[in-house]
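> Listed below, chain by chain, are the residues.
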Amino acid sequence: MNSVRVALVGNPNTGKSSIFNRLTGSSAHEGNYPGVTVELFCGSRTIEGRLFRFIDLPGQYSLMPASADEAVAVKGILEDPPDLVLNVVDATNLERNLQFTLQLAQLGLRMVVALNMSDEAEAAGRMPNVSMLSERLGVPVVRTVGRTGEGLSELIRVIARTADSDARPRRLIFGVDTDPEIESVASLIPDGPISATGIATMLVEGSAEAEDLLRRSFPDGAGAVVEAAGLASERLESLYGDPAQIVLAGLRHGLASGLATEVLGRPRRRSTTPLLTRRIDSVLLNRYLGVPIFALIMYLVFWLTFKASAPFEHLISRGFSSLAGLMRSALPDGPLQSLLADGITGGVGGVILYAPGISVLFLAISLMEDTGYMSRAAFLTDGLMHRFGLHGRSFIPMLLGFGCTVPAVLAARTLESRRDRLATILVLPLISCGARLPVYLMVTRAFFPGRQAIVLSLLYGSGMALALLGARLLRKTVLSGEDSPFVMELPPYRMPTLKALWRHVWARLSHYLAKAGTVILAFSVVLWLLGYFPRPREGADRAQALEESFAGRIGHALEPVMEPLGFDWRISTAMVGAAGAKELFISQTAILSSLSEDDEADLSSVLAARYAPATGVAVLVFMLISPPCLATVAMVKKETGSWRIALAQYAALMILAWLLAFLSHTLFQIALPDRF
Amino acid sequence: MEDYLRTIHSLTAEEGRVRVADIARARGVSMASVCEALHRLDREGLVNYTLGSSGSITLTEKGAGMARRLSSTHGFLLDFLRDLLGVEEDAAERDACAMEHHLSPDTISHLVAFSQFADSMVGGGETLRDAFRRFEVDGGEAPGSFRGRRGRRCATRQGIGLSEIPEGARARVMHLHASCPVRRRLADMGILPGVEVEMIRKAPLGGPVIVALDGFSLSLRRSEAAAVEVEPVA
Chain Z
1 MNSVRVALVG NPNTGKSSIF NRLTGSSAHE GNYPGVTVEL FCGSRTIEGR
51 LFRFIDLPGQ YSLMPASADE AVAVKGILED PPDLVLNVVD ATNLERNLQF
101 TLQLAQLGLR MVVALNMSDE AEAAGRMPNV SMLSERLGVP VVRTVGRTGE
151 GLSELIRVIA RTADSDARPR RLIFGVDTDP EIESVASLIP DGPISATGIA
201 TMLVEGSAEA EDLLRRSFPD GAGAVVEAAG LASERLESLY GDPAQIVLAG
251 LRHGLASGLA TEVLGRPRRR STTPLLTRRI DSVLLNRYLG VPIFALIMYL
301 VFWLTFKASA PFEHLISRGF SSLAGLMRSA LPDGPLQSLL ADGITGGVGG
351 VILYAPGISV LFLAISLMED TGYMSRAAFL TDGLMHRFGL HGRSFIPMLL
401 GFGCTVPAVL AARTLESRRD RLATILVLPL ISCGARLPVY LMVTRAFFPG
451 RQAIVLSLLY GSGMALALLG ARLLRKTVLS GEDSPFVMEL PPYRMPTLKA
501 LWRHVWARLS HYLAKAGTVI LAFSVVLWLL GYFPRPREGA DRAQALEESF
551 AGRIGHALEP VMEPLGFDWR ISTAMVGAAG AKELFISQTA ILSSLSEDDE
601 ADLSSVLAAR YAPATGVAVL VFMLISPPCL ATVAMVKKET GSWRIALAQY
651 AALMILAWLL AFLSHTLFQI ALPDRF
Chain U
1 MEDYLRTIHS LTAEEGRVRV ADIARARGVS MASVCEALHR LDREGLVNYT
51 LGSSGSITLT EKGAGMARRL SSTHGFLLDF LRDLLGVEED AAERDACAME
101 HHLSPDTISH LVAFSQFADS MVGGGETLRD AFRRFEVDGG EAPGSFRGRR
151 GRRCATRQGI GLSEIPEGAR ARVMHLHASC PVRRRLADMG ILPGVEVEMI
201 RKAPLGGPVI VALDGFSLSL RRSEAAAVEV EPVA
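Line by line, the protein sequences are chains Z and U. Residue numbers are given in the numbering used here: position 212 of the first sequence equals residue 212, and the series is strictly consecutive. Residue numbers are given in the numbering used here: position 24 of the second sequence equals residue 24, and the series is strictly consecutive.
There's no promise every hint is true.
Said to hold, decoys possible - What the simulated footprint calls covered on chain Z by chain U, stretch by stretch (three residues with Cβ under 8 Å from a Cβ of chain U suffice, anywhere in the stretch; the number is not a length):
id, segment
1, 53-64
2, 221-232
3, 250-263
4, 374-380
Please keep in mind that the hints were generated in silico from the structure rather than gathered at the bench. Where a beta carbon is used, it is the ideal one built from N, C-alpha and C, also for glycine.
Let the sequences and hints guide you as you build the complete structure.
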């Protein structure tokens with residue numbers, strides 16, 4: 001017997017994911033839907049000896065996608081129709097949720113409605129008549145509470161029963177003018193898993209996805225059908241004076257609110273935003289308090305991410321360095337020892353080092369998402385961000401970028417539109433991350449004693465300005481296009497469940513460890529190779545060994561290129577090493593200067609003696625703009641799904657870094673010729 | 001539909017690059033109508049247009065050919081109505097649009113011949129054109145302005161933008177003028193003609209606004225709210 005595929009669909013914020021978790025338990029994992037690159041959760045459950053495979057599609061309001069990412073979910077349903085659609089509905093907001101339910105019902109797929117959050121609906125005195133709703137829609141309706149698991153066993157029974165039934169949702173009557181138009185289009189469409197009426201309706205509304213589907217499944221007649229649909233939509237438009245999609249949405253809206261009134265019984269009370277939510281909003285979104293409170297919350301998140309995780313990070317790095325020490329003493333000297341102790345242990349350690357910070361960060365972000373604060377944060381910051389072609393939600397990744405670019409790139413996931421996400425990710429490395437700070441401190445101590453604070457502020461400020469300007473430039477050029485709609489629901493505040501939080505944090509963490517980890521590890525080994533080989537001649541000290549290694553040779557080879565910036569081969573070699581992670585610049589410079597790594601004060605004076613301040617400035621600028629670390633490249637690749645984007649970003653930042661470093665070097669030479 | 005081809009044609013010639021917003025501005029219609037028209041033209045193989053990309057609207061070979069033919073017809077009809085008959089500019093523009101869609105090529109070629117005839121001398125040293133103008137000024141009635149076939153699109157806004165509603169006030173939605181994806185999202189969220197909304201909050205410094213519908217709150221940008229035409233409700 002074949003397994004049964006069940007797709008969970010519904011509006012955002014309906015508790016769809018908690019239902020999914022209850023249904024699939026521990027079998028849930030991220031998976032891919034055919035032809036879909038967005039990460040989706042898959043899971044399975046055996047019911048009465050039969051395997052049911054569940055997929056949690058992204059929340060959506062309609063089959064007519066408003067963004068490219070929503071289109072992915074629609075394509076998922078149309079191109080590979082599930083055996084059963086499980087529509088999760090927020091019982092407290094029946095009017096709007098039913099609009100989507102009506103749209104889904106028209107597809108003619110087997111369907112079950114889970115009336116979720118019914119405890120809240122009951123408390124508000126707005127619990128619909130379940131059997132009446134089921135009868136009107138022609139599909140089974142089950143009352144559920146995802147948070148507590150109430151109604152889940154019933155839901156499972158109903159899913160199993162419906163999977164075999166031939167019953168389909170009831171054909172709905174929308175309007176006397178629209179239905180004949182849609183039926184005349186539908187009559188041209190051959191039967192398939194998705195009903196002809198469903199496809200015809202979407203076509204009349206102008207759905208590109210439905211057109212794609214038709215052109216693939218029915219190549220001969222698709223042109224004629226699309227033409228007929230276009231004419232039908234024109235006739236409806238001239239009849240109603242509004243575009244067909246608005247007409248049909250309006251009819252669905254009317255039908256949905258009529259249905260809601262009917263199943264809610266008694267004269268319907270106007271449902272309003274819960275009082276508590278309104279009270280909280282009047283503080284958190286207050287004209288004067290809103291932004292300061294947001295800043296405070298952000299500061300807290302920041303502090304937790306980078307401070308509270310510090311002891312764990314310390315522990316991890318200690319653990320790994322003692323592990324490396326153990327290897328050094330246990331293994332004989334040689335490439336194997338160095339590879340295991342320096343390359344791999346260092347690489348793995350570097351990956352795991354970020355894990356506590358990432359966990360804390362994602363706990364905070366999940367909390368903000370699950371309570372409903374995230375959309376409020378976007379509301380507060382969109383005014384500023386939109387001016388630079390970004391979305392309100394870009395603010396959080398950018399702020400986190402001051403700590404570490406790797407989790408910041410991950411945090412860009414909260415952006416729904418790919419264009420916004422790309423613009424944000426591409427400029428994130430310009431925000432000065434924490435790993436650059438030690439380098440700034442060392443270099444400014446060498447060249448600007450007494451004026452460190454102002455130089456540092458200038459650096460951080462220019463990074464932020466460059467990022468915002470870069471985003472604006474990107475949105476005007478390669479990422480140009482209409483802004484994605486900001487229109488979003490502000491869900492009522494809800495208490496998050498531990499389970500959901502855990503799921504979010506674990507999913508993201510495991511993702512980071514598994515996917516980014518492997519790439520970071522590979523890069524670490526390559527860097528180790530460059531620094532270790534070829535082996536130095538007998539009796540060479542560490543500085544000479546590094547100079548003669550591939551890294552040192554690359555540094556030498558780069559000298560003509562870097563010379564206009566005032567960099568000699570030493571700085572270039574240290575920069576090659578710092579490609580792995582910016583903080584490595586210090587240890588590399590120390591090795592090259594034949595100093596121990598802890599001698600930072602000495603290092604500063606050595607630098608001050610050897611180089612002109614103009615070179616110091618160029619180093620700072622180059623540090624600020626060049627990509628922070630290889631982990632970032634790995635992360636960008638993972639989050640954008642494209643090596644091309646990751647490498648193009650790397651190259652662009654390198655070129656920009658060189659240009660601006662050259663510019664500042666030259667300007668400084670002109671401004672302070674006496675000190676050169 | 002043909003109007004759009006012509007607009008794209010002339011915009012391409014003038015500016016080289018055509019976006020949805022350019023067409024909407026040039027034609028004085030909403031971006032939404034433009035999107036729809038473009039989808040239709042795309043389907044008919046007249047323009048290259050894909051959803052969401054406003055950066056690259058070009059005419060196909062077929063579309064360009066059609067636009068060239070239309071441009072000349074349109075230009076002629078406009079001259080004919082405005083300069084020969086004396087129809088005022090706006091109405092002439094509108095009616096020229098309407099006529100070129102409905103008149104047969106034969107009628108048009110006769111009109112072309114007639115306008116050439118009107119410029120020839122008919123006696124007394126004046127042309128038919130002059131004689132007609134004199135006749136109109138002396139006693140003929142000024143031609144009334146015709147309503148275009150798509151009068152609705154020419155209609156001006158009667159309501160105000162949702163963004164102009166003060167905090168705490170209610171308003172009823174009349175029309176959605178937003179661009180395609182935004183309008184779709186608004187409609188799916190229940191912002192539809194006839195629906196009543198309440199302005200809850202406006203972020204400072206031109207930031208987004210929050211409106212309440214039946215049962216839930218929505219946040220939208222000021223510009224998105226401005227594209228929703230509403231009438232205030234007491």
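> Cut-off 8 Å, C-beta pairs, minimum 3 residues; does the coverage of the segment 221-232 of chain Z by chain U stand?
holds (count 3)
> Counting residues of the segment 53-64 of chain Z whose CB is closer than 8 Å to a CB in chain U, do you get three or more?
With 3 residues close enough to chain U, the hint holds.
> Just to make sure I understand the rule, a stretch counts as covered if three or more of its residues have a C-beta closer than 8 Å to a C-beta of the chain. Does the segment 374-380 of chain Z meet that for chain U?
Coverage by chain U holds for the segment 374-380 of chain Z (4 residues, Cβ < 8 Å).
> Examine the segment 250-263 of chain Z for residues whose CB is less than 8 Å from any CB of chain U, and state whether their number is three or more.
holds (count 3)
In summary, this structure violates none of the numbered hints.
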